[in-house]
Amino acid sequence: MSEQTELSRRSLLMKLGILFNVVVASLVAIPIVGYLFSSLRRNNAEGSEAWISLGPFTQFPVGQTRLAAYRNPFVRPWDGTTADIPCWVRRIEGEQFQVFAVNCAHLGCPVRWFSQSGLFMCPCHGGVYYADGSRASGPPERGLFQYRHKVEGGQLMIKAGQLPTLATHAQLFAHQGRTSCAG
Amino acid sequence: MRWLTKLIEWLDQRLQIGGAIRASAFHRVPRSTATWWYVFGSGALVILVLQVVTGILLAMVYVPSGAQAWNSLQVLNHDLTLGWFLRALHGWGSNFMLALVLIHMVQVFLFGAHKYPRELNWIAGVFLLLMTLGMAFTGQVLRFDQDAYWGLGIGASITARVPFLGGPLVHLLLGGPIIAGETLSRFFALHVFVIPGLLISFVGLHLLLVLKVGINEWPVPGRLVRRETYLKQYEEQVRKDGVPFVPYAIWKDMMFAAAMILAVAVCAAVSGPFGPSGQPDPTIIQTAPRPDFFFAWLYALLSFLPPQMETPVLLIAPVIGIGVLLLLPFLAGEGEKSWRRRPIAVLTVLVLAVSLGTLTHLASYAPWSPVMNAWSGSPLPTQYLKGRSPLERQGALVFQDKQCRNCHALGGAGGLRGPALDSVATHLTEDQMIRQVLQGGGNMPAYGKNLKPAEVTALVSFLETLRPAGQVPARDASQSQMSTAERPAPGQP
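One line per chain: the protein sequences are S and H, in this order.
In this text, residue positions in the first sequence follow the numbering used here: the first is 1, and each later residue adds one.
In this text, residue positions in the second sequence follow the numbering used here: the first is 1, and each later residue adds one.
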């Protein structure tokens with residue numbers, strides 16, 4: 001065998017070696033990428049949300065807005081208190097409700113309800129909302145995020161499960177529209 | 001000591017790195033660079049070492065679990081011997097490191113070190129700045145308290161504004177649909193493995209480039225950088241007037257580094273660790289989240305941007321900013337190095353420094369945030385109630401009870417969101433006050449639905465008393481003109 005063929009044989013083997021590694025790396029990368037993006041997988045058929053109860057609807061006095069809390073429908077055992085999510089429940093009359101996310105529509109800080117002035121105020125950048133959740137003043141571009149809700153078997157149910165942000169609001173808003181159209 | 005020499009010889013026979021170490025240590029640098037201006041980079045490096053050491057020690061105790069992280073911080077602060085000091089060292093180290101990185105960056109920029117042939121070193125430096133900021137933000141998250149929780153909410157809200165990809169990106173950032181245990185684990189992995197790994201590799205590259213290309217010489221006005229001649233000139237300068245890095249220059253680096261470590265230790269011992277504040281329990285909504293010092297300017301900026309500008313600025317400005325930093329050595333890679341002949345460079349640094357400083361200062365008292373407990377916590381100054389009619393006092397009660405005070409200060413106490421009202425009667429007439437209260441406007445909510453007519457009357461009659469002694473109340477110009485024209489009898493309206 002001449003030196004020439006010896007070299008090309010070696011270089012072929014090296015190229016094969018590179019190719020083999022690329023193939024194996026790609027094969028291994030598929031499950032790794034799948035794992036990395038697993039948080040994008042929806043928790044159930046309906047997405048990352050589920051209907052959960054805030055308790056008997058009669059516990060919310062008519063004409064008032066009260067803070068309620070629920071345990072997020074999808075949790076890990078090590079979530080601790082972070083999975084206890086608060087929301088503002090406004091009982092307009094009878095079984096007519098509005099359920100607001102506490103997260104300001106600006107940057108998500110927790111808004112506080114002031115019953116005396118009938119306003120929600122945000123401690124971060126001073127966003128203010130009226131009792132019906134519509135924007136009153138400050139930097140938010142829109143009103144408070146609202147949960148889909150219904151009264152079922154005497155329980156106030158809301159559809160919850162993900163952090164309300166401008167990205168999820170389109171979805172929430174679409175649901176709201178549909179509910180109001182249907183109802 | 002002979003055994004030590006022998007040991008080193010034995011090791012070097014096998015490792016064969018003694019030559020490289022000696023070459024690095026004794027490589028010649030321009031004499032002009034052995035100055036106190038060139039110590040900030042090595043200072044930041046030494047603080048990084050401190051951060052790695054204290055970080056590892058903290059990780060031995062810290063529990064990266066949504067349910068237990070806060071408790072483990074309490075143990076570190078209160079139960080474990082000197083746990084508080086380690087946390088304080090790490091926290092103060094973080095502040096010092098960011099400050100030194102920024103000072104170092106300004107210094108190399110003003111000394112023209114980003115120019116040919118050190119472009120790559122500048123770019124590595126930009127990435128190092130971003131990683132340092134990344135470490136500061138992820139570190140703030142690991143201090144898993146209320147501020148961390150709501151800070152993540154702000155991060156998620158900003159991410160959510162990305163068009164089309166916002167939703168998935170938020171889930172990716174949080175490791176799920178809400179801020180919870182997986183969010184913390186994810187940020188732990190970033191803070192402890194991913195970013196430090198990158199950071200250390202980039203520091204290696206950064207240092208290697210300083211050795212290979214040579215440290216930037218002291219810039220002399222009028223000595224221009226040209227691609228064709230620079231390398232030769234630099235070599236000549238080093239040959240003619242070079243000194244070995246060790247010991248001519250390094251002693252200043254060593255002094256400064258030790259001073260910085262001492263400063264971190266003193267700050268840590270005197271003011272202790274940062275937080276944690278309240279538990280990361282979102283149902284505790286009586287909280288006013290505040291970012292850490294180095295992100296305070298962003299907090300201020302976000303409250304001043306007009307709503308329609310926010311999303312573009314949040315998403316596009318960082319891209320432009322980082323892009324400009326990365327492209328800088330290619331846009332201005334030649335020519336004058338000295339800051340004395342680069343007025344635009346100096347002006348840019350000054351404008352940025354003043355802007356960031358002003359925003360940070362504003363964030364320290366956050367005039368845009370309502371004072372959430374002013375209505376119940378700050379009593380009205382008594383001089384505003386003395387000798388007032390029952391109606392006016394009733395109005396004062398309405399003023400407090402309707403949370404007006406949360407945004408409007410009286411007697412120096414209360415929110416700064418709206419104007420202080422101590423002299424409101426001198427520039428608003430009764431009608432204007434009623435209109436403003438009922439309809440709102442100019443960043444004030446409308447109170448029409450939430451005030452009874454009697455309450456409005458009382459409130460406005462109180463507001464009309466708010467003027468410094470001796471100053472006339474505001475008058476409607478058209479009415480006053482009419483009244484002079486008609487000359488009504490005194491007492492008539």
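There's no promise every hint is true.
Listed next, the in silico SDA-like pairs over lysine to any residue satisfying Cα-Cα at most 20 Å (straight line) [said to hold, decoys possible]:
#, chain 1, residue 1, chain 2, residue 2
1, H, 449, S, 134
2, H, 252, H, 263
3, H, 449, S, 113
If you're looking for bench data, these hints aren't it; they were derived computationally from the structure.
Status of each hint after checking the structure:
1. 449/H with 134/S: Cα-Cα ~13 Å, so holds.
2. 252/H with 263/H: Satisfied, since the Cα-Cα distance of roughly 16 Å is no more than 20 Å.
3. 449/H with 113/S: Given that 20 Å is the threshold and the Cα spacing comes to 16 Å, the pair holds.
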